[in-house]
Amino acid sequence: MQLTPRSKFLLLLGVFVVPVAAAYLAFFGWRPAGHTNYGDLLKVTPLQQTAGAKHDGAPLDLASLQGKWLMVHVGPARCDADCAQQLYLMRQIRITQGKEQSRIERLWVLTDAGAADPALLQDYPGLHVWRPADATFVEQFPAGDGRAGHIYLVDPLGNLMLRFPVKPDPKRMMKDLKLLLKASQIG
72 MQLTPRSKFL LLLGVFVVPV AAAYLAFFGW RPAGHTNYGD LLKVTPLQQT AGAKHDGAPL
132 DLASLQGKWL MVHVGPARCD ADCAQQLYLM RQIRITQGKE QSRIERLWVL TDAGAADPAL
192 LQDYPGLHVW RPADATFVEQ FPAGDGRAGH IYLVDPLGNL MLRFPVKPDP KRMMKDLKLL
252 LKASQIG
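Reading the sequence shown from the start, the letters are residues 72 to 258 in my numbering.
It is possible that some hints are incorrect.
The list that follows gives simulated cross-link-like pairs (lysine-lysine, DSS-like), each with its CA atoms no further than 27 angstroms apart [to be verified]: (1) 139 / 170; (2) 170 / 249; (3) 170 / 79; (4) 139 / 249; (5) 114 / 139; (6) 125 / 139; (7) 242 / 170; (8) 238 / 79; (9) 114 / 242; (10) 249 / 114; (11) 238 / 114; (12) 242 / 125; (13) 242 / 253; (14) 249 / 238; (15) 79 / 139; (16) 246 / 139; (17) 238 / 253.
Hints listed in this document are in silico derivations from the structure and should not be mistaken for laboratory results.
From just these sequences and the hints, can you work out the full model?
Have a look at this one:
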């Protein structure tokens, strides 16, 4: 097929003009959608008053869990349906991280003097059930509509940094956690 002089000129013009026009549009006009977190980013604050005890009375300082990501549920020992759903989500989301799941620990911070149901705890092996020595510890977890409704995330350095919404979407939580684990060189 023989190109006419006009076709050659248009082809040559296209080779040089189209990239310039695309660059101009990309710089001044079209902006790709950025990634937004599903969870609410909190002001990064190191957790204070981390001394306490496990549900069986054995001492546990949360500082010993540093180096791991912590998914945290804060609530009373009497676990209602919402609490059970959160514990279930924390377990399942950890499992879905595959080989990275060893970088994540789960923590249930008890806010009262009650005892957690042993039958419930059998369903969640590896879950740390912990009561702080100082009751003001729980005030570090911000919540406008109740702490027990949220799952919090603490980074490997012991900083509270993320809060997932009440009745969270598990797929979006998994995505946030996967991105954090991928980006993090610690924990």
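Hints, one by one, checked against the model:
1. 139 / 170: holds (14 angstroms)
2. 170 / 249: holds (11 angstroms)
3. 170 / 79: violated (56 angstroms)
4. 139 / 249: holds (14 angstroms)
5. 114 / 139: It holds: about 19 angstroms lies between the C-alpha atoms, which stays within 27 angstroms.
6. 125 / 139: Cα-Cα ~18 angstroms, so holds.
7. 242 / 170: holds (18 angstroms)
8. 238 / 79: Given pair residue 238, residue 79 is violated - Cα atoms ~61 angstroms apart, limit 27 angstroms.
9. 114 / 242: holds (24 angstroms)
10. 249 / 114: The given pair, whose Cα atoms are some 21 angstroms apart, holds under the 27 angstroms limit.
11. 238 / 114: Roughly 22 angstroms between the alpha carbons, so the hint for residue 238 and residue 114 holds.
12. 242 / 125: Violated, at roughly 30 angstroms.
13. 242 / 253: Holds - the C-alpha atoms of residue 253 and residue 242 are around 16 angstroms apart, at most 27 angstroms.
14. 249 / 238: holds (19 angstroms)
15. 79 / 139: violated (62 angstroms)
16. 246 / 139: holds (18 angstroms)
17. 238 / 253: holds (25 angstroms)
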